[in-house]
Amino acid sequence: MKINYPAVLVAAILHWILGAVWYGIFTNKFVELMAWTPQQLSELESQSHTKEYVLAFLSSLVLVYVLAHFMRYTKATNLVGGLQTAFWLWLGFVATSQIATVIFEGRKPGLYLLNIGYQLVACLVAGGLLAIWKPRAAADPAIQPA
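My numbering numbers the first residue of the sequence shown as 1 and each following residue consecutively.
If you're looking for bench data, these hints aren't it; they were derived computationally from the structure. Misleading hints may appear alongside valid ones.
[To be verified] Restricting the straight-line Cα-Cα distance to at most 20 Å, the calculated cross-link-like pairs of lysine to any residue (SDA-like) are:
| # | residue 1 | residue 2 |
| --- | --- | --- |
| 1 | K108 | Q40 |
| 2 | K2 | F70 |
| 3 | K134 | N78 |
| 4 | K29 | F87 |
| 5 | K51 | L41 |
| 6 | K29 | L113 |
Go ahead and model the full structure; you've got the sequences and the hints to work with.
The following block contains the structure:
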């Protein structure tokens with residue numbers, strides 16, 4: 001099974017868009033957990049965030065590309081297999097590595113839960129999509145029109 005690059009690109013776009021939707025839904029909770037003052041929030045809102053959006057998309061692209069490799073390794077070719085692979089990778093790498101932000105950086109546990117919640121949902125969507133999106137079979141040269 002080869003990497004399905006169109007599926008990787010679409011899954012990365014979905015992963016990135018889900019971030020916007022997730023943090024859009026939880027904006028007030030996120031701002032509260034970050035303890036931003038109205039002045040800080042106003043300053044942030046007045047700035048361009050193009051660089052951050054580009055970096056966030058590149059991060060989504062790398063995450064999904066690596067996930068696609070794990071899908072090959074686990075031979076996840078159906079929805080359940082894709083969700084399982086994404087879940088175990090999320091648990092083993094995202095949830096565990098991000099807990100250090102609570103332990104050592106003093107971040108609020110609610111912020112940790114908000115952030116890893118997004119990653120869980122986005123990884124499951126990407127894993128499901130990667131598993132079920134079957135690439136088109138190459139056309140048989142014997143039946144191609146002349």
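Exercise for the section: Please name the hints from earlier in the document that this structure breaks, with their numbers sorted from lowest to highest. Expected result: Hint 4 contradicted; others consistent.
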